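Taken in order, these protein sequences are the chains called A and B.
All residue numbers for the first sequence refer to the working numbering, where the first residue is 41 and numbers rise by one.
All residue numbers for the second sequence refer to the working numbering, where the first residue is 205 and numbers rise by one.
Derived by calculation from the structure, the hints in this document are not laboratory data.
Given the structure is predicted, the values throughout are model-derived calculations rather than measurements.
Misleading hints may appear alongside valid ones.
Claimed, not checked - Quick partial rundown of chain A residues pointing at chain B, CB under 7 Å, derived from the structure:
{"id": "1", "residue": "H135"}
{"id": "2", "residue": "I156"}
{"id": "3", "residue": "T159"}
{"id": "4", "residue": "I162"}
{"id": "5", "residue": "A201"}
{"id": "6", "residue": "L203"}
{"id": "7", "residue": "R207"}
{"id": "8", "residue": "T223"}
{"id": "9", "residue": "A224"}
{"id": "10", "residue": "L225"}
{"id": "11", "residue": "G226"}
{"id": "12", "residue": "D228"}
{"id": "13", "residue": "D307"}
All C-beta atoms in this analysis are idealised placements derived from N, C-alpha and C, irrespective of residue type, glycine included.
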Amino acid sequence: MSTVILLLITGLGLGALYFLVASGLSLIYGLMGVLNFAHGSFLTLGAFAGFELTRRLGGDRWEVFLASLVLGAAVGAAFAALTELLLIRRLYERHIEQALVTVGLSLATVALFEGIWGTDPIYVTAPDWLGGTTSILGATIPNNRFVLIIAAVLVLVGIVAFLRFTRFGLIIRAGVENRSMVTALGIDVRKAFTVVFAIGGAAAGLGGVLASHYFGYVSAHLGGSLLIFAFIVTVIGGLGSLAGAAIASVAVAVLQQFANYYWGVGDLVVVLMLAGVLLLRPSGILGKKVHA
Amino acid sequence: MSATSATDARTPSGSSAAGPILTVSSLSAKIKGQQVVEEVSFEVPATGVTALLGRNGVGKTSTIKAILGLIDRRGRVEFAGERIDGLPTFRIVQRGVGYVPEDREVFAGLTVAENLRLAERGGRPGARRALVDELFPDLVQRAQQSAGSLSGGQQQMVSLGRALVNENRLLLVDEPTKGLAPLIVQDVADALERAAQTVPILLVEQNLQVVRQLADTVVVIEAGRVVHRGLAAEFLDDEALVTRLLGVHAEADAPDAHPDDQNGGTR
Numbered sequence: 041m042s043t044v045i046l047l048l049i050t051g052l053g054l055g056a057l058y059f060l061v062a063s064g065l066s067l068i069y070g071l072m073g074v075l076n077f078a079h080g081s082f083l084t085l086g087a088f089a090g091f092e093l094t095r096r097l098g099g100d101r102w103e104v105f106l107a108s109l110v111l112g113a114a115v116g117a118a119f120a121a122l123t124e125l126l127l128i129r130r131l132y133e134r135h136i137e138q139a140l141v142t143v144g145l146s147l148a149t150v151a152l153f154e155g156i157w158g159t160d161p162i163y164v165t166a167p168d169w170l171g172g173t174t175s176i177l178g179a180t181i182p183n184n185r186f187v188l189i190i191a192a193v194l195v196l197v198g199i200v201a202f203l204r205f206t207r208f209g210l211i212i213r214a215g216v217e218n219r220s221m222v223t224a225l226g227i228d229v230r231k232a233f234t235v236v237f238a239i240g241g242a243a244a245g246l247g248g249v250l251a252s253h254y255f256g257y258v259s260a261h262l263g264g265s266l267l268i269f270a271f272i273v274t275v276i277g278g279l280g281s282l283a284g285a286a287i288a289s290v291a292v293a294v295l296q297q298f299a300n301y302y303w304g305v306g307d308l309v310v311v312l313m314l315a316g317v318l319l320l321r322p323s324g325i326l327g328k329k330v331h332a
Numbered sequence: 205m206s207a208t209s210a211t212d213a214r215t216p217s218g219s220s221a222a223g224p225i226l227t228v229s230s231l232s233a234k235i236k237g238q239q240v241v242e243e244v245s246f247e248v249p250a251t252g253v254t255a256l257l258g259r260n261g262v263g264k265t266s267t268i269k270a271i272l273g274l275i276d277r278r279g280r281v282e283f284a285g286e287r288i289d290g291l292p293t294f295r296i297v298q299r300g301v302g303y304v305p306e307d308r309e310v311f312a313g314l315t316v317a318e319n320l321r322l323a324e325r326g327g328r329p330g331a332r333r334a335l336v337d338e339l340f341p342d343l344v345q346r347a348q349q350s351a352g353s354l355s356g357g358q359q360q361m362v363s364l365g366r367a368l369v370n371e372n373r374l375l376l377v378d379e380p381t382k383g384l385a386p387l388i389v390q391d392v393a394d395a396l397e398r399a400a401q402t403v404p405i406l407l408v409e410q411n412l413q414v415v416r417q418l419a420d421t422v423v424v425i426e427a428g429r430v431v432h433r434g435l436a437a438e439f440l441d442d443e444a445l446v447t448r449l450l451g452v453h454a455e456a457d458a459p460d461a462h463p464d465d466q467n468g469g470t471r
């Protein structure tokens, strides 16, 4: 029983991490049709920014930890917004080139990060409680899982509220459905592109700081390894669907944890799940119908 | 073109001295490398309704889309005396163009209220919101309903409402009665007639009775080119000409006037 609870909560924590990456991927693809392979780099840079802050100010203090989350999100948002403005925008409607430039950016930034921070994992310090555990029904749960789950829920609620109650949100929801009609209503949809990149980057940057506590270290490859699963989650959830990404994140991560623990085949199960969804529901769990 | 004599009768406020609101010169457009509009030239007077006619697939919808910059275009388009052929779509629309697309293109996942709010230019309450509420009381009742759950006629009202909610200087209205029940067709025509009292309209329409009710002048396109320009009444009364250019009889409520159309291969 305690093992099941441990696996469940750890799965939820990992799912929260996937969601922080997948939410941005899904929004960006839904609105702009861009497969953003550089999204992992937003996460990694956010993680390094958080690490640098805690290294300078002392990672065992709560206020520094919270500040590192804010900084990670801000750095991720800024990096993402610049990526959209400087690279993606110039390739408007050229989807293959857009994908290629994001692949190039991710390779270049990983090399850059290795040049700055080295190739070895860097261990991070956290407030004592965060590095400790809590016992629930006999299971010993690392506390950072709870922080991750709460953060992901807050991000989900925040993005949903933004989409529902702001004019930018209205433009984004309409743009996911029919972008050219949005421009035909006199709206400069490109501003919404930058906003969506910034939101996705913020979630990824926040996810980066939290991932460094989940895994216990930062490295230049932190984002890349999470990005693969985030893409799978996004496809399973339905490209462009935030709720789909949330559901798929939890489902994939929990399944992955159980399969890993009992049979050691977590990654295989995820890939099989992806194949199954693609066969039975090609547009994903909550994906919009494909139209030209 | 002797368009002014016809428009004077319709607009007692009389801005007959003004030049055309829209001048299209040698406009060409391609979709995926295929020529869909070829060297089209015509004018839209500053008052009244100009009907853009032609058989299915001759490029009427593509002409509208080319004017708006929704598809790649070459040539010259002047709106209120200024060139707009180099501008992106949203800038053209911001200058005061309302667009009612073929197939309505309402945002199915948004509510009726959200569809209209999105259309309100600059995010400020639309200057003509009261007119929209008056013309389409149905929409007021269904404000919180998702647009995707509406009937075709109601969706058309949302689409018209989006164009009418702002203070515009020109409306581009593409097949507003397509696929609608006869009663709804009349509602839509009446709404457009009301709108035409204050704003000039370029109208693509297959239903010639609607054209007769609304249009002052006609422009007929064939194979992407303009083949006839003139007064609407004179054109519609010339049955031989109508049959030759449109392939239908002017007075027949032709059942083949609304086939699920291939109009210009617009997507």
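Evaluation of the provided hints:
Because the smallest distance between the Cβ of A/H135 and any Cβ of chain B comes to about 15 Å, over 7 Å, the interface hint for this residue is violated. Interface restraint check: A/I156 against chain B, minimum CB-CB distance 39 Å, threshold 7 Å, status violated. With 7 Å as the threshold, the beta carbon of A/T159 stays out of range of chain B, its nearest partner Cβ sitting at about 45 Å, so the hint is violated. Among the interface hints, the one on A/I162 is violated; its C-beta lies about 44 Å from the nearest C-beta in chain B, farther than the 7 Å criterion.
At about 15 Å, the closest approach between the beta carbon of A/A201 and any beta carbon in chain B exceeds 7 Å, and the interface hint on this residue is violated. Nearest Cβ of chain B to the Cβ of A/L203: about 11 Å, over the 7 Å cut. The hint is violated. Against a cut-off of 7 Å between C-beta atoms, the interface hint on A/R207 holds, since the closest Cβ of chain B lies about 5 Å away. Interface hint at A/T223: satisfied, since its Cβ lies 4 Å from the closest Cβ of chain B, which is below the 7 Å cut-off.
Interface hint status for A/A224: upheld, as the beta-carbon distance to the closest one in chain B is roughly 5 Å, under 7 Å. At about 5 Å, the closest approach between the beta carbon of A/L225 and any beta carbon in chain B falls short of 7 Å, and the interface hint on this residue holds. For A/G226, the interface hint holds, since its Cβ comes within 7 Å of a Cβ in chain B; the closest pair sits about 4 Å apart. The criterion of a C-beta within 7 Å of any C-beta in chain B is met by A/D228, whose closest approach is roughly 5 Å, and the hint holds.
With 7 Å as the threshold, the beta carbon of A/D307 stays out of range of chain B, its nearest partner Cβ sitting at about 35 Å, so the hint is violated.
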